[in-house]
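Read off the chains here:
2 protein chains.
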Amino acid sequence: MDRLRKHIEEIVDLSDEEFEYVKSFFVLKRVKKHQYLIQEGDQATFEYLILSGIFRMFYLDEEGKEHIVQFAGENWWMADYQAYFGEKKATLHITCMADAEVLCLKLEGREKLSAKLHKMEHFFRVKLTKGYVAQQRRIISLLAGNPQRRYEEFGRLYPHLMQQIPKKYIAEYLGVSRETLSRLYSNPK
Amino acid sequence: MDRLRKHIEEIVDLSDEEFEYVKSFFVLKRVKKHQYLIQEGDQATFEYLILSGIFRMFYLDEEGKEHIVQFAGENWWMADYQAYFGEKKATLHITCMADAEVLCLKLEGREKLSAKLHKMEHFFRVKLTKGYVAQQRRIISLLAGNPQRRYEEFGRLYPHLMQQIPKKYIAEYLGVSRETLSRLYSNPK
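In the order they appear, the protein sequences are chains A and B.
Residue numbers for the first sequence follow UniProt numbering, beginning at 1 and rising by one.
Residue numbers for the second sequence follow UniProt numbering, beginning at 1 and rising by one.
Don't take every hint at face value.
Claimed, not checked - Here are the computed distance ranges between Cβ atoms for each label pair:
id : chain 1 : residue 1 : chain 2 : residue 2 : range
1  : B       : F25       : A       : S182      : 26 to 36 Å
2  : B       : R183      : A       : E153      : 52 to 62 Å
3  : A       : R178      : B       : V27       : 43 to 53 Å
4  : A       : F25       : B       : K112      : 23 to 33 Å
5  : B       : G64       : A       : E101      : 42 to 52 Å
Read the hints as simulated data drawn from the structure, not as lab findings.
Where a beta carbon is used, it is the ideal one built from N, C-alpha and C, also for glycine.
Starting from the given sequences, assemble the full structure and let the hints guide the process.
Shown next as structure tokens:
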């Protein structure tokens with residue numbers, strides 16, 4: 001739980017007592033490579049803070065084709081948020097790409113923490129802000145970016161993920177063919 | 001400013017004194033059709049709450065092609081958030097599609113309000129949450145949705161905008177050709 005405290009204290013300072021309260025809402029879960037955190041149709045009970053490992057979240061279309069919405073590594077938060085905030089069943093899948101530890105937080109706990117501690121409401125707002133900006137950028141990249149530009153942007157923003165994630169998933173995430181991606185890998189600017 | 005109070009009080013109740021404080025951070029601006037709220041290269045000083053009118057926010061690529069990131073109507077918040085939160089120059093354009101009134105809020109004011117009033121931090125967190133979920137859905141739709149499905153989803157989510165916005169912009173937003181959109185209009189399910 002030290003990692004949780006460090007993570008939160010990058011944004012707000014907590015007293016020992018406050019942190020005891022905060023941590024009481026989190027449950028640690030270990031996940032093996034290829035395991036699912038959640039699958040379409042499951043109740044989206046938790047939001048996840050990733051302590052270690054890598055995940056990908058994707059939508060599976062009628063033809064069984066994966067569309068990757070997001071990757072997440074250490075210190076990232078991840079959930080099928082439409083389902084989580086709406087307390088509905090998931091429409092997305094989250095699967096583990098490297099053995100992982102995550103902290104699970106229920107919506108009820110998130111809201112209670114936010115209501116009780118202004119600091120935690122601030123923490124969650126700051127985190128959402130960063131996520132919102134990243135998503136706005138991703139929408140622009142999907143609308144307007146050519147493969148070269150998407151590849152460069154991904155490498156600039158997530159150099160760590162670039163090295164750890166198999167190329168076929170990066171190609172999927174970027175919406176480019178594997179051939180195009182291989183060409184970009186071998187001819188970086 | 002009554003509309004501002006009503007809008008905020010959909011989420012949190014404010015005392016008269018609190019509302020006086022809140023409203024001191026907002027400045028009213030009237031915008032005519034075809035006017036820009038912000039253009040690429042401008043300092044992204046404000047976030048906008050739209051009281052009336054319709055706007056579209058778009059990215060202009062090197063070839064001068066518009067890529068619509070978002071529409072916004074009454075009671076929506078809008079900004080080039082990457083630039084606004086990062087206090088940088090805008091990379092997006094926001095233009096008025098029907099005569100409008102907006103309330104402008106500086107980042108400094110937003111942060112001060114959030115720090116001073118837990119209720120306002122809560123308000124902004126709830127708003128961001130809704131925006132985050134809408135964006136996650138848009139990403140999925142861009143990745144996986146076929147034109148028919150995107151069109152239906154847009155009509156379901158935003159029936160009001162569907163009637164008010166010229167078809168060519170809806171086609172752009174959905175990433176479909178105008179011919180495809182016309183076909184969908186004339187053959188709704």
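Is it true that the C-beta distance of B/R183 to A/E153 lies inside 52 to 62 Å, as the hint says?
violated, 34 Å
Cβ separation of B/F25 and A/S182, checked against the hinted range 26 to 36 Å
violated, 52 Å
Between A/R178 and B/V27, is the Cβ distance one that fits in 43 to 53 Å?
With Cβ atoms ~51 Å apart, the hint holds.
Can the suggested window of 42 to 52 Å be confirmed for the beta-carbon pair B/G64 and A/E101?
holds, 48 Å
With 23 to 33 Å as the target window, see if A/F25 and B/K112 comply at their CB atoms.
holds, 29 Å
Violated hints, in rising order: 1 and 2; the structure is consistent with all others.
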